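Using the sequences plus the hints, can you model the full thing?
The primary structure of each chain is shown beneath.
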Amino acid sequence: MTFTLPAGARRVAAVVLRHVYLFRASWPRLVDLMYWPTVQLAMWGFLQTYLSHRTGAAVTAGGVFVGAVLLWDILFRAQLGFSISFLEELYARNLGHLLASPLRPGEFILALMLMSLIRVTIGLLPVTFIAMWYFGFNIYALGLWLVAFFCNLVLTSWAFGLFVCGLLLRYGLGAENIAWSLTFALLPLACVYYPLAALPEWLQWISSALAPTHVFEGMRALLGAHQPRPDLMLKALALNAVYMTIGVASFYYWLGDARRRGTLIGMGE
Amino acid sequence: MSSTAPFRQQSAPLLAVSELHKSYGPIEAVAGVSFRVAQGEIVGLLGSNGAGKTTTLAMILGLVAPTTGRIEILGHNVALKRHMVAPFINFESPYVDIPLRITVRQNLTVYAMLYGAADIEQRIAELAAVLDLENLLDRPTGRLSAGQKTRVSLAKALINEPRLLLLDEPTASLDPDTADWVRGALERYCAEHGAGILLASHNMSEVERLCTRVLIMRAGRIAAEGTPAGLIARLGRHNMEEVFLDIVRGRRPDHARALP
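Chains as they are written, first to last, in the numbering used here: chain A, 1367 to 1635; chain B, 732 to 991.
Treat the hints as calculated values from the structure; they're not laboratory data.
Be careful, since some hints might not be right.
Computed beta-carbon distance windows for the label pairs [claimed, not checked]:
{"#": "1", "chain 1": "B", "residue 1": "Pro871", "chain 2": "A", "residue 2": "Pro1492", "range": "26 to 34 Å"}
{"#": "2", "chain 1": "A", "residue 1": "Tyr1457", "chain 2": "B", "residue 2": "Pro907", "range": "53 to 61 Å"}
{"#": "3", "chain 1": "A", "residue 1": "Pro1394", "chain 2": "B", "residue 2": "Asp911", "range": "41 to 49 Å"}
{"#": "4", "chain 1": "A", "residue 1": "Met1409", "chain 2": "B", "residue 2": "Pro825", "range": "25 to 33 Å"}
{"#": "5", "chain 1": "A", "residue 1": "Met1400", "chain 2": "B", "residue 2": "Pro871", "range": "19 to 27 Å"}
{"#": "6", "chain 1": "B", "residue 1": "Gly771", "chain 2": "A", "residue 2": "Met1400", "range": "51 to 59 Å"}
{"#": "7", "chain 1": "B", "residue 1": "Ser779", "chain 2": "A", "residue 2": "Leu1603", "range": "53 to 61 Å"}
{"#": "8", "chain 1": "B", "residue 1": "Pro825", "chain 2": "A", "residue 2": "Ile1612", "range": "30 to 38 Å"}
Bear in mind the structure is a predicted one, so any value in this text is a computation, not a measurement.
Beta carbons are placed, not taken as given, at the ideal position from N, Cα and C, and that holds for glycine.
Take a look at the structure:
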């Protein structure tokens, strides 16, 4: 007896398979996925070690710096994984082939989400083991809280990824730099390495509207004070629901707009 | 795939285009085009650069949204049921590429999965035999010559045994020998599968050989329509190249419309 995937799942698998083939054809792509997370971990890990010796344990309690690095990389790499997988289709001038095929836009989005998870796993899994081995920080000890942090960060990254892909559909490769840099706008505002209270009061309002802020606050509460904060996870989830709605709506709007403007064929040139 | 095509009505043509318009602001790229493609027909879509051929093909594929008009494939309105008919059509165009960094076999596998081909390995083997790709299957697509890439694009276009095939300059980068051989393959495919082909081409000898009917576009409109022999006779010319020049230069458009 043979197992046959439903047609929709088969089309999603086809897009994922294409990107897996790309990885298999190019080992530098794989190395590139692991390179920056490792460099980031080394830099913040050594800084944490230095500060804990100089200032005592308060600032770095529970390995918050290394934890922040790993969670930030989930957010950043997942968004990049989503957007880069889309960009690969533009670089290859393959978008017309995909969108004229039976592949539905929703299936395409699902494939990009899966590619984002695959890229995060390849890039970060080895780094979590390095963090455990060299800096004594076991992120897996967070247990189900890690799942909550991960899900919230990945949802934010997908929402940003969808928005970026929408911009790419509207402006083509002219918007490529936004794909690489948009998430960095969150870095100072999402309180990755410092608490929300460290920001000026007027900026705290903006920061509180960002889902990742609540994830990083939750991580600090858990690692530093051993206080789980489900309320923060729920706030993040609610904000992510809004972000995903905006992300999906922008993607579909700009896809329709590209069809109206006739820019899909030949996109990537 | 071809035997299970979901015709809404058995009498429906493969493709029916009615009063199709596409405007970009004040520019009217396609201005009220209507035509049909029946089973077993190869219809040539001719016209000078910018006449509206590629926009028309892109609208049929769903890549460009028409401003107004209706497109039916297998009797289904494409605006509403594109995903129902998409498995039964395919295309080849110079405006898109087959991804270059992966092998020919990997590319064809991906497209076969996208289009829902039944036995992927067997289908790839069949196409490789027909299009002389057997020795190229495991080579990265980017390392092939232009002619070899065109044959890979044709293999992609045939991967799902489409009922309706849209081809934009399919032999443009091929040497005369290979181009002739591809034309033969397309004729056989059309005859054996009862498929319809809409062929945009600037090669008039190709059009004369392949097409049962031609549509000549000028400034977004169909300026002439008929069989190649009928158009040549009607305009008192020797070949399709002379007919084409007459029509696109606006010398004798009124005599040419709606010929048998």
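Structure-based check of all given hints:
At roughly 28 Å, the beta carbons of Pro871 (chain B) and Pro1492 (chain A) sit within the given window of 26 to 34 Å. Distance hint for Tyr1457 (chain A) and Pro907 (chain B): a CB-CB separation of about 33 Å, inconsistent with the stated range 53 to 61 Å. A beta carbon spacing of about 42 Å between Pro1394 (chain A) and Asp911 (chain B) agrees with the range 41 to 49 Å that was offered as a hint. A C-beta distance of roughly 47 Å is found between Met1409 (chain A) and Pro825 (chain B), which places it outside the suggested range of 25 to 33 Å.
Remark: the range hint 19 to 27 Å for Met1400 (chain A) to Pro871 (chain B) is upheld by a beta-carbon distance near 24 Å. One distance hint, 51 to 59 Å for the beta-carbon pair Gly771 (chain B) and Met1400 (chain A), holds here, with the actual separation near 55 Å. Range check, Ser779 (chain B) to Leu1603 (chain A): about 57 Å between beta-carbon atoms, so the 53 to 61 Å window is met. At about 37 Å, the beta-carbon gap between Pro825 (chain B) and Ile1612 (chain A) stays in the expected band of 30 to 38 Å.
Hints 2 and 4, counting from the list given before, are not met by this structure.
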